[in-house]
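The primary structure of each chain is shown beneath.
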Amino acid sequence: MPVFPSIEWFDTVRTAANETPEFRALGSNETNFGVKVGDQLIRLDFYAFECVSVAEIDEDGLLDVDFYLEMEPERWQSFIQHIQSNGVADAQHTFNTLDLNEPGGILRSHDPYRRNNFFRYHLTIQKFFDSAAAVETTY
Amino acid sequence: MPVFPSVEWFDAVSRSFNSDEANRTAGGGIADAGVGIIFEDQVFLLNFAGYECEKASVIQRSDLENTDFYLEMHPDDWIEMLINIQQNGTADMNYTLNTLDLDSEDGLAKSATDDQYRLDKFFRFNQTIQFFFDASSDVETEFDREITPA
Amino acid sequence: MSTQQQSLEAVKDYADDYDLKLDWLDTRGEWGIKATPDARKGLTLEDIQTGSYGEVPDHTDNMTGRLRGAAQREGAYRTGGYTVRTKSDIWLTNAAMLYEEALQRQWSSATDIPWDTIKPLPDDVERAQCQLATFLTEVEFVAADVPGKWVAATSPDYFEPRMFLITQIMDESRHLDVFRKRAFANGGGLMQRPDVTTSGVVGSIDLSKDFTEMSSRLHISGEGAVLTIFRMGELMAYNEAEKYMYRLCGQDESRHVAFGVMHMRYLAETEPERKAEVHAYLDEGERALVAGNQNPAARDTAQSEALAVLLGGGQKHYDEGYKKLLAIRKRQSREYIQRIKSAGFGERFENGRANPELMEYAKA
Amino acid sequence: MAESEEKQPTKTTPPPRRRRNLKIDHDVEVPEPGYAWMPRTLEWGVRVKPGAKGMTMQGLNVGIYGEIPDRWDEQTRMPRGAYPMAGIPPIGFALREKREVWADNAADLYEEAIQRRWIPASDIPWNTLEPLPDDVEAAMCQLCTELSQAANVEFETIGYWLQHMSYGYHEVKLFLASNMFDAGRHHEAFRKRALANGGGLGIESKGEINRMILESKGGWSETSLLLHLLRGLFIQTIYRYGERFAHNPAEKVMFARALQDKARHTAYGLQHLRYAVTHKQDKALVFQQLLNIGERVFARELQEPVVLEPLAVIFGGGIEGAKAGMREVHHMMGDFVRSYLASTDWIGVHRGRAFPKGLSRYLEA
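Residue numbers (numbering that gives the first Met the number 0), protein chains in the order written: chain A, 0 to 138; chain B, 0 to 149; chain C, 0 to 363; chain D, 0 to 364.
The set of hints was computed from the structure by calculation and includes no laboratory data.
Do not take every clue at face value.
Listed next, the in silico PhoX-like pairs over lysine-lysine satisfying Cα-Cα at most 25 Å (straight line) [as the list claims (entries may be wrong)]:
| no. | chain 1 | residue 1 | chain 2 | residue 2 |
| --- | --- | --- | --- | --- |
| 1 | C | 20 | D | 356 |
| 2 | C | 315 | D | 322 |
| 3 | C | 340 | C | 362 |
| 4 | C | 20 | D | 216 |
| 5 | D | 48 | C | 118 |
| 6 | D | 22 | C | 329 |
| 7 | D | 322 | C | 20 |
| 8 | C | 315 | C | 329 |
| 9 | D | 356 | B | 109 |
| 10 | D | 216 | D | 205 |
| 11 | C | 208 | D | 216 |
| 12 | B | 109 | B | 54 |
| 13 | D | 279 | D | 97 |
| 14 | C | 86 | C | 340 |
| 15 | C | 340 | C | 274 |
| 16 | C | 362 | D | 22 |
| 17 | B | 109 | C | 362 |
| 18 | D | 216 | D | 97 |
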């Protein structure tokens with residue numbers, strides 16, 4: 000059973016998402032972004048209709064991504080558990096809403112043009128994490 | 000096994016067509032049209048509404064005036080087209096509706112009222128009507144005769 | 000739930016306390032509108048043509064860009080400068096339906112065309128296909144540039160036709176792109192651009208000062224002719240990719256033609272005094288149809304030669320292809336005649352006004 | 000006589016014959032083809048293959064066809080790379096310099112717009128709308144009126160400019176066509192929302208910003224600055240907050256989808272404006288001057304209550320919560336101003352002390 004966060008976990012979600020017609024139906028995209036869970040950093044690359052790769056990165060790697068989403072490990076865990084119990088993120092758990100609700104937000108970027116990619120593809124990114132609903136997860 | 004043409008056959012094709020969401024994209028989509036089908040002396044009406052073919056029924060030839068357009072071919076040509084679809088999964092390059100329409104002396108799509116606006120729905124919804132007949136590849140079909148391909 | 004009046008009174012008290020103006024609350028369009036989605040199509044533009052929001056004025060002085068049915072504001076800037084402010088100038092009964100249809104039937108040239116079915120063709124056939132693709136790459140975006148101008152020039156009170164024109168702009172973009180893609184997909188390239196066809200000469204689609212004049216040329220003559228080309232393209236396709244390409248373009252084009260036919264029908268019914276003027280536009284359109292500058296299926300142009308090569312199956316069978324082209328022109332002419340009759344201008348085919356050469360084609 | 004016989008149509012058609020090839024007249028005289036066009040190509044032998052995103056416009060930019068000139072003198076609609084013909088009367092395109100329209104991402108954004116299209120009629124779950132308190136419904140309807148009118152201005156503006164752009168830069172024309180299409184969809188979606196839940200349209204905007212955008216006729220870049228950057232980012236921020244404060248799935252989907260579209264428009268605007276600034280010496284100064292005025296017009300129109308007050312009512316869950324809602328509005332404006340200033344910096348236009356107090360005050364939020 001994959002552990003969140005780990006490459007294995009994101010790879011499993013990646014496979015599930017890529018096989019989901021609704022994920023592809025949201026349209027093509029081209030972005031890379033980081034997921035920051037405490038000290039752990041994962042980079043995801045999206046291209047065309049798929050998530051093409053996941054990789055571990057260090058802090059310097061954050062300079063190479065369009066943007067990254069940062070939450071404390073407990074918040075991430077609660078977010079994933081919510082998706083798993085609900086099937087999808089509900090209205091209060093979309094990334095856009097979380098960003099606006101959390102003090103200081105969760106969306107970070109050093110470049111306004113690249114930060115804008117979050118808004119261009121936020122539904123695809125959301126659907127990617129919704130695919131975690133079917134992934135048995137340990138923390 | 001439904002016989003072509005019959006309401007039973009058109010219903011079976013409608014079920015296949017309506018249930019495949021792929022027919023709603025890639026140039027498919029909503030289509031509102033009453034389409035007549037003539038096979039010798041048998042006349043049918045297909046009601047397309049929204050994303051679906053909602054109903055197939057037998058009508059009189061005189062009712063064709065209420066259709067947007069109707070499709071009429073020599074019976075052997077109907078059967079040849081459907082066999083082609085069954086063999087290929089979809090109509091191959093020689094058997095698409097537009098090709099049959101242009102590549103024949105009498106044409107395929109006709110108007111009972113000479114109203115080109117309504118006849119133009121044959122073009123406006125061409126991909127949808129094509130998807131509909133292509134869906135017949137999922138339906139085991141019986142024909143009432145054997146034909147010799149033209 | 001409280002009544003609107005009770006709410007407003009409570010609001011005003013509150014506004015005084017908290018330094019809010021809240022005047023927008025009681026200055027509004029008709030209240031209590033609850034449009035119901037169509038069970039099959041969702042919430043369409045037709046569904047929201049309800050109450051006063053469905054009332055389309057015969058003439059409008061709305062120059063501020065106000066949405067039809069919104070409350071007017073004193074002191075709003077006259078930002079529009081709209082020249083189309085008479086309903087019959089642009090209206091048709093089914094623009095809302097055609098708009099929704101256009102949204103539902105969009106497609107992608109990148110992913111909905113099976114490009115991998117294209118295989119190398121004989122050089123003469125590939126050149127003919129590329130020549131036709133070059134022509135269509137150029138002419139198709141005329142029908143995007145020009146409607147854009149008219150969208151900006153039409154009062155928002157007639158937003159349904161404007162919305163349709165926006166979908167047409169999107170469709171024509173896709174047509175430009177799909178034919179450019181075809182030219183580069185199979186070892187060819189772009190070829191000779193058409194001469195004269197899309198340039199700014201008198202009577203051209205670009206220069207029309209009147210929407211109906213523009214529409215009669217663009218939607219009826221021009222797109223009706225191109226629709227025939229798309230139908231021929233589907234007939235003579237050498238692979239599934241071309242088959243799809245022409246078929247899907249043909250669907251779009253016939254929507255645009257439907258817009259033109261229904262607008263002319265509306266005009267003929269509501270302003271019969273303008274019919275003589277419209278006949279003059281049709282005279283011009285018919286001359287263009289047979290002269291060869293606008294219509295690639297006309298004779299003796301680069302495009303017509305390319306079509307004959309494609310229809311015949313190569314230069315060796317040019318004669319056969321040319322004869323097929325003429326046979327299809329007969330269809331094209333007959334369809335045009337029927338369309339004009341549908342639009343309410345059929346008398347020109349009875350009273351001798353129609354272009355004799357065109358009538359000859361139809362008869363042949 | 001039986002009824003069916005009585006109803007026989009007057010027009011009878013002969014029974015169809017067996018299909019055969021199109022009937023052609025074999026006696027017709029066939030003129031000798033000239034084939035002058037056959038060798039006329041500037042580059043032959045191009046074979047572009049589809050990639051992961053399919054066959055894209057950007058993928059076509061190979062060989063001479065990928066050479067995008069800094070200036071396009073052709074005054075007709077000749078496709079870039081086609082074999083030219085002499086003697087074609089000009090149409091007269093005002094925008095013929097690459098720096099006046101170009102953005103490297105235009106072709107990709109165009110394809111993205113097609114792939115990520117949506118349909119307000121059927122992709123929004125309208126049946127999830129539930130009656131809202133009158134004050135909230137009225138505020139939502141007023142907001143939708145404003146957003147629908149802003150979208151109207153957007154497509155009117157682009158519709159005007161599209162015809163003035165030369166065909167040397169068709170990628171930009173295609174993208175802007177998709178931008179118009181998106182704006183049309185927003186115009187439609189917000190109107191539908193206003194008329195779908197027991198409310199109705201509100202009052203029109205005074206139109207100061209609309210006028211500023213519509214009357215910007217000096218150059219497309221200047222219009223884009225006001226349309227995509229100043230107003231565009233503001234609308235984009237409202238969409239973000241619209242998603243956050245949606246009352247039902249219908250509104251959630253509507254704002255979430257519209258946000259993606261808007262971010263695409265922003266992506267073009269940012270790239271184009273930076274391109275314009277880096278390719279014309281005084282463009283940054285021109286933009287500074289325009290923004291000195293534009294930001295003040297913008298701040299002035301914000302004083303009109305038709306946008307921020309309805310937002311406060313929506314955010315606060317009603318008029319009684321409007322005070323708390325107004326605090327949220329200040330947060331929203333803070334987000335807008337920060338992203339706006341980061342964006343002006345990104346394109347090379349640094350606002351500094353010229354930035355008006357009417358907007359900078361939100362930075363504290």
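The hints, checked one at a time:
1. For the suggested pair residue 20 (chain C) and residue 356 (chain D), the alpha carbons sit about 22 Å apart, so the restraint of at most 25 Å is met.
2. For the hint pairing residue 315 (chain C) with residue 322 (chain D), the CA-to-CA distance comes to about 82 Å; that exceeds 25 Å, so the pair is violated.
3. At most 25 Å may separate the alpha-carbon atoms for a hinted pair to count; residue 340 (chain C) and residue 362 (chain C) meet this at roughly 16 Å.
4. For the hint linking residue 20 (chain C) to residue 216 (chain D), the alpha-carbon distance of about 34 Å lies beyond 25 Å, and the restraint is violated.
5. The hinted pair formed by residue 48 (chain D) and residue 118 (chain C) meets the criterion: a straight-line CA distance of about 12 Å does not exceed 25 Å.
6. Using a Cα cut-off of 25 Å, the hinted pair residue 22 (chain D) and residue 329 (chain C) holds, with the two alpha carbons roughly 11 Å apart.
7. For the hint pairing residue 322 (chain D) with residue 20 (chain C), the CA-to-CA distance comes to about 13 Å; that is within 25 Å, so the pair holds.
8. A threshold of 25 Å between alpha carbons decides the hint, and for residue 315 (chain C) with residue 329 (chain C) the separation of about 24 Å falls inside it, so the pair holds.
9. Of the pairs offered as hints, the one joining residue 356 (chain D) and residue 109 (chain B) is violated, with about 69 Å between alpha carbons and a cut-off of 25 Å exceeded.
10. For the hint linking residue 216 (chain D) to residue 205 (chain D), the alpha-carbon distance of about 20 Å falls within 25 Å, and the restraint holds.
11. A hinted pair counts as satisfied when its Cα atoms are at most 25 Å apart, and residue 208 (chain C) with residue 216 (chain D) qualifies at roughly 21 Å.
12. A threshold of 25 Å between alpha carbons decides the hint, and for residue 109 (chain B) with residue 54 (chain B) the separation of about 21 Å falls inside it, so the pair holds.
13. Straight-line distance between C-alpha atoms of residue 279 (chain D) and residue 97 (chain D) comes to about 11 Å, which keeps the hinted pair within the 25 Å bound.
14. With a CA separation close to 22 Å, the supplied pair residue 86 (chain C) and residue 340 (chain C) stays within the 25 Å bound.
15. With a C-alpha separation of about 13 Å, the suggested pair residue 340 (chain C) and residue 274 (chain C) falls inside the 25 Å cut-off, and the hint holds.
16. Between residue 362 (chain C) and residue 22 (chain D) the CA atoms are separated by roughly 14 Å; this keeps the pair inside 25 Å, and the hint holds.
17. A threshold of 25 Å between alpha carbons decides the hint, and for residue 109 (chain B) with residue 362 (chain C) the separation of about 18 Å falls inside it, so the pair holds.
18. Restraint check for residue 216 (chain D) and residue 97 (chain D): satisfied, since their Cα atoms lie roughly 18 Å apart, inside the 25 Å limit.
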